[in-house]
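Assemble chain V onto chain B, guided by the hints.
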Amino acid sequence: RKEVEQDPGPFNVPEGATVAFNCTYSNSASQSFFWYRQDCRKEPKLLMSVYSSGNEDGRFTAQLNRASQYISLLIRDSKLSDSATYLCVVPTGDSNYQLIWGAGTKLIIKP
Amino acid sequence: EAGVTQSPTHLIKTRGQQATLRCSPISGHTSVYWYQQALGLGLQFLLWYDEGEERNRGNFPPRFSGRQFPNYSSELNVNALELEDSALYLCASSLAGGAGEQYFGPGTRLTVT
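Chains B and V, in that order, are what the protein sequence lines are.
Mapping to our numbering: the first sequence position 69 is 69, numbers consecutive.
Mapping to our numbering: the second sequence position 93 is 1093, numbers consecutive.
Bound conformation, chain B alone:
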C-alpha cells in the first residue's frame, strides 16, 4: 500500500454541484493532514489544515477518519475556479517532519 494514495481523476463535475474525494494514508501515527491545490502550471497553495476530526472553511470541508485512515475534501456549490489538482499531504516520520505528498486528484468543473 502506498503511503499516501489519491484517485487521480479527473472528476468532471457540473458547476454548482457538490464533490468529494478521499486520500488514504498508511501511517497510523500521523497527527496532522493538509490539502493543497495546484492550478495548471502553477505552484501548489495551502488550502486547508486538518489537525483533529475536521475543518471547514466556507464551501470547503475536510474530514479525518482515523479508524479507516483517510481524509476527505468536500466542495459545495462548486465554481469554475475550483478546477485544479488537489494534493493531499501527510506528515510522517519522527516528529511528523517528513512529508508525504499524494499524486493529486484532478477536478474539472464544467459550466
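Honestly, I wouldn't trust all of these hints.
The calculated SDA-like cross-link candidates involving lysine to any residue, where the alpha carbons are at most 25 Å apart (straight line), are [claimed, not checked]:
no. : chain 1 : residue 1 : chain 2 : residue 2
1   : V       : Lys-1013  : V       : Ser-1086
2   : B       : Lys-106   : B       : Met-48
3   : B       : Lys-45    : V       : Tyr-1103
4   : B       : Lys-2     : V       : Asn-1059
5   : B       : Lys-106   : B       : Asp-82
6   : B       : Lys-2     : V       : Arg-1057
7   : B       : Lys-42    : V       : His-1029
8   : B       : Lys-2     : B       : Gln-98
9   : B       : Lys-110   : B       : Val-19
10  : B       : Lys-42    : V       : Gly-1040
11  : B       : Lys-2     : B       : Tyr-70
12  : B       : Lys-45    : V       : Ala-1096
13  : B       : Lys-110   : B       : Ser-83
14  : B       : Lys-2     : V       : Gly-1040
15  : B       : Lys-45    : V       : Asp-1050
16  : B       : Lys-110   : B       : Met-48
17  : B       : Lys-42    : B       : Trp-101
18  : B       : Lys-45    : B       : Glu-5
19  : B       : Lys-45    : V       : Gly-1040
20  : B       : Lys-42    : V       : Pro-1008
21  : B       : Lys-42    : V       : Thr-1111
Interface residues of chain V toward chain B, partial, derived using beta-carbon atoms under 7 Å [claimed, not checked]:
no. : residue
22  : Gly-1042
23  : Leu-1043
24  : Ala-1099
25  : Phe-1104
26  : Pro-1106
Everything labelled a hint here was simulated from the structure, so no lab data went into it.
Since the model is a prediction, treat every value here as computed from it, not as a measurement.
The beta carbon of each residue, even a glycine, is placed where N, CA and C say it ideally should be.
For chain V alone, coordinates are given in the frame of chain B:
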C-alpha cells in the same frame, strides 16, 4: 509581505552542464524545501534544509545537491545535467516545525537540451 521568490524563472542548459537555482524564503521562515515536478507529474521531494542543515533528502542521485545560507536563502545545484532533469523546480518555505504548512515560490523551469 513578500512571498517565496525563486530565480531564475527559466533556465536553459545543455546536457552535461551544471544548473544553479536560487530561493529566498518568506521572512521568518527557517525551513526550505525543494521539489521537482516533471510535466504532468506529481511533486517529487528533493531536499529539506532547516537552520543551515540538510534535514532530509528524497530519492535523487548525489548530483542533486544544495545548501542553505545564514539568511535562510537556499541554492539547488544540479550537476551533469541529463535530459530527464527538465522540469519545474519548486521551492517552499515554512516556519520551524511547520512542515505541513508550506508556502511555494513560482518555480524555476529548467530545460535541458
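Starting from the hint list further up, note which numbers the structure goes against and sort them upward.
-> The structure conflicts with no hint, since it agrees with every one listed earlier.
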